[in-house]
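Same order as they appear, the protein sequences are chains A and B.
The working numbering applies: residue 1 is where the first sequence begins, and numbers increase by one.
The working numbering applies: residue 455 is where the second sequence begins, and numbers increase by one.
What the hints contain is simulated information worked out from the structure, not anything from laboratory work.
Check before you lean on any hint, since a few could be wrong.
Claimed, not checked - Here are the simulated DSSO-like pairs of lysine-lysine, each with C-alpha atoms no more than 30 angstroms apart in a straight line:
(1) K276/A - K323/A
(2) K782/B - K423/A
(3) K423/A - K837/B
(4) K82/A - K670/B
(5) K877/B - K323/A
(6) K423/A - K670/B
(7) K383/A - K216/A
(8) K777/B - K423/A
(9) K536/B - K216/A
(10) K877/B - K837/B
(11) K837/B - K676/B
(12) K479/B - K686/B
(13) K222/A - K3/A
(14) K730/B - K676/B
(15) K782/B - K328/A
(16) K423/A - K676/B
Protein chains: 2
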Amino acid sequence: MAKYDVVVLGCGVGGYPVAIKLVQKGYRVAVVEEDQVGGECTNYGCVPSKALYYIARSIEGLSRVVSERASIDPGLLIEWVKSRVIRARDGITYLLERYGVDLYHGHGVVGDRVVKLVSEKSVLETDYVVLATGTDPLVPRGIGVDGEYVVTNREVFYMEPPGSLLVVGAGAIGVELAYSYSMLGVDVYVVEAMPRILPFLDRDVSVSLERFLREKGVRFYKNTLVTKTVRKNGFVEAVLSSGERVVVNRVVVAVGRRPRTTGIGVEELGVRLDSKGYVELSRAYYTSVPWILASGDITGPPLLAHKAFLDALGVVESIVSGKAVKPKPESIPLTIFSGLEVASIGYTEEELRRRGVEYRRIRMPIAYLSAVSIKGGEYGFVKVLVGREDSVYGVHLVAPNASEVVSSFIPYYIGVLGFSDAKHIAYPHLTVSEVVREFAEYLLGEPVHLYIRK
Amino acid sequence: MAKYDVVVLGCGVGGYPVAIKLVQKGYRVAVVEEDQVGGECTNYGCVPSKALYYIARSIEGLSRVVSERASIDPGLLIEWVKSRVIRARDGITYLLERYGVDLYHGHGVVGDRVVKLVSEKSVLETDYVVLATGTDPLVPRGIGVDGEYVVTNREVFYMEPPGSLLVVGAGAIGVELAYSYSMLGVDVYVVEAMPRILPFLDRDVSVSLERFLREKGVRFYKNTLVTKTVRKNGFVEAVLSSGERVVVNRVVVAVGRRPRTTGIGVEELGVRLDSKGYVELSRAYYTSVPWILASGDITGPPLLAHKAFLDALGVVESIVSGKAVKPKPESIPLTIFSGLEVASIGYTEEELRRRGVEYRRIRMPIAYLSAVSIKGGEYGFVKVLVGREDSVYGVHLVAPNASEVVSSFIPYYIGVLGFSDAKHIAYPHLTVSEVVREFAEYLLGEPVHLYIRK
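Working from the sequences, and respecting the hints, build out all of it.
This is the structure:
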């Protein structure tokens with residue numbers, strides 16, 4: 001029976017960094033993975049979606065100067081996406097090997113200070129278990145996911161772009177898919193149960209994004225559910241709650257996620273879960289069972305790779321020194337790669353009102369900036385929610401490159417820089433990052449590039 | 455005779471912000487411009503080159519998934535570039551009008567507290583003059599610039615992409631042109647007098663960029679001059695100092711800049727110039743003549759729009775409160791938009807050695823990051839030059855999106871964040887900005903994503 005200091009269940013972004021860091025510090029560590037090394041992000045999320053996105057952005061760029069849409073070779077496209085996934089996955093596998101992490105393939109079930117590998121009937125003894133099994137796509141009953149015509153993020157990036165695609169759910173994943181596939185020339189329909197897309201974000205963000213995506217040809221059904229799908233002669237008919245029927249080549253379901261907390265032994269051991277099945281954690285990443293910690297998506301929203309990565313580092317700190325402190329969820333930037341990108345840190349106006357916090361809202365258009373005008377940001381803006389003494393409660397950025405630019409707002413959000421400092425910082429021309437300096441001038445009441453009536 | 459508080463000579467990035475800011479503060483201000491509103495950056499520099507670059511980047515992206523190169527409509531391309539320039543220019547004109555800045559078109563010559571408009575024979579009386587006339591392209595004798603076959607940045611962005619192009623000079627402009635035109639399918643040759651391209655930058659930067667551009671098909675002649683050009687049947691033959699002859703459709707000269715300090719009356723007034731003709735300035739932006747200030751490229755390197763903009767704000771502070779302090783030139787980030795982009799703040803190793811400063815060099819490859827692998831950054835790296843107590847002397851970044859990402863290094867460069875803080879900052883996945891956190895972990899000796907032999 002193999003004996004470890006720590007066994008990590010799940011080899012995604014919440015898991016493998018725990019293993020590598022602990023091995024660096026001299027621990028004996030194993031990782032158990034039942035699917036692919038790299039987890040959801042590497043195989044079915046960030047990596048393939050951003051490989052696809054890069055192509056989508058390129059098509060959008062080219063659309064300014066070609067008379068016909070660029071014609072993509074679907075075989076090359078899939079090969080390209082796969083190549084980036086394989087590269088990322090192989091990188092992780094290499095690191096695990098070089099650092100001496102034992103990697104077990106198979107389904108692991110946690111018992112009393114052991115992890116049982118079901119298929120191989122072997123048992124790993126361990127002092128600590130770190131749960132990092134992530135989430136599965138949530139699939140509503142009756143929607144008929146078959147992995148071929150009606151798919152989830154598990155299949156969508158590996159299939160040829162269909163002629164038409166219905167996206168169920170206008171959350172981050174749904175909106176990203178809608179943008180990328182519409183750029184590839186696919187007829188895209190989006191069905192969203194709520195009255196607006198990206199309902200968890202600032203309301204202005206939803207409005208701008210919907211306008212932008214409509215212009216790209218995406219059609220929206222809001223306040224609407226897909227009640228069932230019917231496969232018909234190679235097509236899929238989606239029946240909507242309105243009674244309407246939409247016939248498309250493929251349907252992709254992206255209505256939410258479900259934590260993988262069942263079937264891995266944790267309920268039996270008394271690991272406390274919340275009402276949605278996510279693991280409840282102490283500030284030091286411990287579950288209610290004193291030798292079980294958890295990391296990544298399984299610990300609840302925001303379900304983001306960079307949050308999972310911070311979790312992983314926190315788990316390591318906790319095991320090594322007992323001193324880790326979980327960051328506040330709202331301090332994790334949220335990014336949506338949707339052409340006109342969305343990036344958000346901190347609270348939305350809705351959240352501040354709910355909490356009864358007083359704030360000032362400063363919203364500035366950004367389309368006048370040349371970097372934005374070149375990269376397509378007509379509907380872009382930055383909105384900052386400011387408290388007393390210019391503390392920053394929230395930054396909401398809708399802009400090309402927002403996913404990169406939001407990092408330049410972090411120092412202002414965490415308070416190591418104030419906006420009066422920004423005036424003296426030479427954010428390079430011609431970049432979207434100039435929005436930081438522009439916003440600072442706007443906030444201070446003397447923008448060069450906007451006319452303000454006195 | 456019109457009477458102003460301040461007359462600004464030149465309506466580029468060094469000039470128009472001075473006018474707008476001063477008018478906002480109640481001053482009577484005129485701007486005199488002899489060419490186009492917006493100056494070099496808007497008309498012949500940043501804006502058209504980045505409009506072109508956006509297309510070039512898009513072609514590079516698409517090259518992963520198409521079997522043939524995308525075919526650009528040259529008419530649409532020129533229209534696109536022009537449209538971005540016109541938009542930027544019109545924006546500035548609108549602001550000047552709305553804020554009530556008087557704009558005079560024509561050649562202005564400074565006299566004793568006056569600016570004479572040569573063509574209109576009118577005279578503007580003024581308390582202060584701000585020189586912001588910028589630079590012209592430096593054209594070596596005998597190279598035969600004719601504005602048609604042998605051109606400079608003044609013409610190149612408005613001509614149809616030629617079949618082949620010889621770029622004279624591998625500085626920032628030359629390298630940007632080489633990248634963009636090579637992506638457009640143009641056969642590009644680059645001739646550089648020095649032994650390496652981008653000779654003023656970190657040596658490793660030159661090596662990576664040359665490798666990257668060679669891979670894109672760019673051919674280099676280093677340690678070489680163009681001694682003359684000869685027009686022949688619609689082609690141009692460039693004679694190199696090696697004796698070799700290169701026959702191309704067009705030649706573009708980008709060997710340097712020459713300040714526009716002659717013919718504007720400043721020598722007559724005793725404004726002190728340096729050996730290269732740039733205006734010498736006090737720390738408060740004053741020339742040697744007590745009522746003449748200066749801003750932008752005319753004040754010397756770095757010749758960058760964001761430096762000119764800071765100058766303009768500084769000039770305003772100086773006039774209004776007398777308290778402006780020029781930033782150190784090395785604190786201005788330098789960016790090169792070359793596909794694999796370059797961004798640099800602070801000193802190079804060469805400069806530190808020359809100054810006898812002790813430093814540690816930490817250089818990290820970045821190709822393993824998925825954002826970099828997707829966007830094409832095989833030869834990318836980050837190199838940080840660190841002094842005592844982890845003070846940062848220089849950051850040299852070669853990466854896709856480096857122009858945006860460098861802004862995330864600024865807080866570390868100016869010392870409001872230390873790299874030990876970066877471990878706790880959730881730079882979003884999947885972005886190139888993650889390089890900041892990755893670098894911090896590498897510096898601290900425990901990277902997750904790189905194998906370090908013990």
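### Query
Okay, which hints does this one fail, numbers in order?
6, 12, 13, 15 and 16
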